[in-house]
Amino acid sequence: GAVVSQHPSWVICKSGTSVKIECRSLDFQATTMFWYRQFPKQSLMLMATSNEGSKATYEQGVEKDKFLINHASLTLSTLTVTSAHPEDSSFYICSARDGLAGSPGSTDTQYFGPGTRLTVL
Amino acid sequence: RKEVEQDPGPFNVPEGATVAFNCTYSNSASQSFFWYRQDCRKEPKLLMSVYSSGNEDGRFTAQLNRASQYISLLIRDSKLSDSATYLCVVWRISGYALNFGKGTSLLVTP
Chain A
84 GAVVSQHPSW VICKSGTSVK IECRSLDFQA TTMFWYRQFP KQSLMLMATS
134 NEGSKATYEQ GVEKDKFLIN HASLTLSTLT VTSAHPEDSS FYICSARDGL
184 AGSPGSTDTQ YFGPGTRLTV L
Chain B
8 RKEVEQDPGP FNVPEGATVA FNCTYSNSAS QSFFWYRQDC RKEPKLLMSV
58 YSSGNEDGRF TAQLNRASQY ISLLIRDSKL SDSATYLCVV WRISGYALNF
108 GKGTSLLVTP
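Residue numbers (this note's numbering), protein chains in the order written: chain A, 84 to 204; chain B, 8 to 117.
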């Protein structure tokens with residue numbers, strides 16, 4: 084099946100620093116990627132929808148100036164947590180939609196990356 | 008009311024038992040439904056889609072009741088390896104993102 088990678092898989096940083104997380108679709112083109120966040124014992128919550136070549140759409144309550152999303156190509160989206168604080172510590176997971184609907188081999192399925200565990204001290 | 012609601016459990020069952028999980032969703036216009044499995048500290052993985060007519064995949068059976076906005080997952084002959092958190096997931100009406108339930112924790116014991 085399709086593969087989505089995330090890098091780094093875990094990161095520990097000091098409060099006030101910025102952290103960049105990469106999400107790549109390895110064997111398919113993803114016009115849309117999604118960024119989710121999961122706090123302990125909570126459900127995955129959508130943070131933003133990232134469309135290639137356009138601005139991300141953020142969910143209510145998610146600060147777009149704090150969580151910068153760039154989707155510069157059909158295989159890469161990045162999430163930058165700016166000026167991270169301990170309350171930003173969480174499990175960040177991306178998913179990529181195999182969404183060139185109608186294209187040969189496209190399944191319009193979402194594939195999840197393995198997640199990035201962020202700990203802010 | 009939350010978009011997707013699940014009983015968090017935990018469900019502790021012996022090997023070989025049958026266990027059922029339930030889920031309700033709030034948007035009656037929702038069209039696509041899934042069960043995902045999430046192991047500790049890992050990403051969710053698709054277990055199965057849920058169809059109106061009900062569907063079965065080996066020991067797993069999923070049912071959808073649109074009138075009651077209710078989804079279920081039945082696991083027969085539980086294995087130790089079934090221990091995980093099971094997430095009820097509803098595809099958003101627009102935008103293709105997914106709404107996740109909080110998950111139901113299952114522990115299968117020897």
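These aren't lab readings, by the way, just hints derived from the structure by calculation. Owing to the predicted nature of the structure, the values given are computational and were not obtained by experimental measurement. It is possible that some hints are incorrect.
Below, in silico cross-link-like pairs of lysine-lysine (BS3-like), each with a Cα-Cα straight-line distance of 25 Å or less [as the list claims (entries may be wrong)]: (1) K149/A with K86/B; (2) K109/B with K97/A; (3) K9/B with K147/A; (4) K103/A with K86/B; (5) K103/A with K9/B; (6) K97/A with K9/B; (7) K49/B with K103/A; (8) K124/A with K86/B.
For the chain A half of the interface with chain B, some residues (derived, Cβ under 8 Å), not all of them [claimed, not checked]: (9) V102; (10) L109; (11) Q112; (12) T115; (13) F122; (14) T132; (15) G136; (16) F150; (17) R180; (18) Q193.
One-sided excerpt, in silico: chain A residues whose CB lies under 10 Å from chain B [unchecked claim]: (19) V145; (20) E170; (21) I176.
Just so it is clear, CB atoms sit at the ideal spot from N, CA and C, and this is done for glycine as well.
Checklist entry - Checking against the hints above, which ones are violated? => result Result: hints 1, 2, 4, 5, 6, 9, 10, 11, 13, 15, 16, 19 and 20 break, sorted rising.
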